[in-house]
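Residue strings, one per chain:
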Amino acid sequence: MLKSAVKIGLYIGKRFRWITYSYLIVVFIVSFSSPYFLMESLVASSVQTFSPLSPPYHNYAVIQYFSMAGFLFALMVLVSAISMANDLRSSALFHLSQPMSRTDVAISWMILTSWAPSVLCVLSIVIPLMCYLPHLPSGILRNFLLLLSQMLVISSIVLMASATRRSWLVLAVCLLLMFFLPFLLATAISIFAPTRYVSDAASIAMAVLYPLMASTTPYNTTLSPTAGAQAAVVLAAVIQGLYLAYFKFRFEVI
Amino acid sequence: MRVLRYAGILLVIVGLAALASMSLMDGSVVYRSWISQSLSSTPVVINVGNKTGGQILPPCRVFSVSSCFKVGRVKGVKLYMDFSVNIPSGNVLSSQGVWGYLLDCKLLQSMSVAQNMSQFLNKFSLAKVKLRRKATSIPLSGTYYEGQIPLENLTGRKIFAVIYGKLKASPNQSCLITGTPTVIAIAHPELDQKIRTLYLMAAGALLLALHYIRNPEDIRELVERIRSYPSRLRRRSSPP
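Chains as they are written, first to last, in the working numbering: chain H, 59 to 312; chain V, 428 to 667.
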């Protein structure tokens, strides 16, 4: 099933050639810039100062760069998802009349919209960096897992939105997840800090939806970013399962 | 399957990007950290012979002492202790000039009681460098000195830096050296690091070759597209 889904995915990639080219351009940009941004943090982690005045080293720069790279790939998720919504609206009948199953078509779009950007985002940072240092520090490797889980969960939600075939909804969900929700959650955590329940709920949502961002928040999160990343992977799997079920049983070809 | 083709293109692109960034980064400063001075936030003056709290009596030695630090080894990066010193105008340095030293942190206590400081530094310094005079366009702001001590052989050691000079100052003249010891890292990617990127590109080229061996019709299509490219370009640029 996966083999035929990959085949259809490649066929879709060929149809939307400009998406494939955009992915390659983004991969080049991120691969080119990652050593520039991350070498500083690698050297900084190797220099230890013992002065009581100097703050302890924290990999804020790494997380900041990861967020930037994640943002670029999130834009690619948006582009793919809108293309998917438009394609399902206009030519779903044509695709599904071909000798290919609904599940294959659903998985192929899932690969293009969710798996490919998430995995490419991590690979395009980690591969050039490993050309420099084959044994990366464990602190940085942990951030890669946080980034992967964050990308997976966000792209899965966008994928679910694009299955509705409404491009405006995809755009709205993307804008909400990429811009507004992180600020809303951070604001809720700080404003409702005295009321424990709201603040805790917001920090749990932050840790699950944005494990990478949660690792930089100065507030004590109820859920640790690593636990949040694990929950994010489970949530992404559940959403993708729901998406497959919807596509197989409820999706109506117009 | 076109998976091989896309994987090949991806590896070539990532390898190319990594090689390009390595080549551009070669020789550039990738990290800079001011090592804060340990004894106070202002520049430190230690008069070993006569402790007069900043007022220096001739002949005297002046110091700026950094806090302790330790550097690790990062491959493809060379670390230096970068000194930049400003001696306010009115203070004249003797022929001895200004020196930057790196010492073991264990020596910090014994340094304060050493009587002959220049002999002590020459004996116990792990590395030293004579700071060179720096031309500056700022008028009446004293004399600037700068220098770099390589930290390559000192990785893993707990060290601190001192700036040392001998002033010919009058008895009532006070002097403060404003030194900023900085750890800088300059990227110099090594051959094996560059070779790794070439491996990536070679692997990508191999995958592409495999794809075209398995699908010879794709070569024909590719050749056709390349051949027709000038005519397509001409057609696009000409008005309808």
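Any given hint could turn out to be false.
[What the hints assert, rightly or not] From the structure, some residues in chain H lie toward chain V, with a derived Cβ separation under 10 angstroms:
1) K65
2) I87
3) S92
4) E98
5) S104
6) L178
7) M188
8) C189
9) S196
10) R200
11) S282
12) L293
13) F307
No lab work stands behind these hints: they were computed from the structure. In this text, all values refer to a predicted model and were calculated from it rather than measured experimentally. Note that beta-carbon positions come from the ideal geometry of N, C-alpha and C, so glycine has one too.
task = Mind checking the CB of H/R200 against every CB in chain V and telling me if the closest is under 10 angstroms?
result = Given a least distance of 19 angstroms, the restraint on H/R200 is violated.
ask   = Are H/S92 and chain V close enough, Cβ to Cβ, to be under 10 angstroms, as the hint says?
value = holds, 8 angstroms
query = Once the shortest beta carbon distance from H/K65 to chain V is found, is it less than 10 angstroms?
reply = holds, 7 angstroms
query = Is the shortest C-beta separation between H/L293 and chain V less than 10 angstroms?
reply = This hint is violated: H/L293 lies away from chain V, its Cβ roughly 28 angstroms from the closest one there, beyond 10 angstroms.
task = Would you settle whether the hint for H/E98 is holds or violated, based on the nearest Cβ-Cβ distance to chain V being less than 10 angstroms?
result = holds, 5 angstroms
key: Interface restraint verdict for H/C189 against chain V (beta-carbon cut-off 10 angstroms)   = With Cβ-Cβ at 4 angstroms, under 10 angstroms, it holds.
Interface hint outcome for H/S104 [beta carbon to chain V under 10 angstroms] = Because about 3 angstroms separates H/S104 from the closest Cβ in chain V, which is inside the 10 angstroms limit, the hint holds.
inquiry  = The hint names H/S196 as touching chain V; please verify it with the least Cβ-Cβ distance against 10 angstroms.
reply    = Violated, because the Cβ-Cβ distance from H/S196 to chain V comes to roughly 15 angstroms (cut-off 10 angstroms).
Minimum beta-carbon distance criterion (10 angstroms), H/M188 to chain V = Interface hint status for H/M188: holds (8 angstroms vs cutoff 10 angstroms).
key: Hint validity - H/I87 Cβ closer than 10 angstroms to any chain V Cβ   = holds, 8 angstroms
request  = Using 10 angstroms as the Cβ threshold, decide whether H/L178 counts as touching chain V.
outcome  = With a closest approach of 8 angstroms, the H/L178 hint holds.
key: chain V contact restraint on H/F307 - CB to CB distance below 10 angstroms   = violated, 29 angstroms
The earlier numbered hints that this structure contradicts are 9, 10, 11, 12 and 13.
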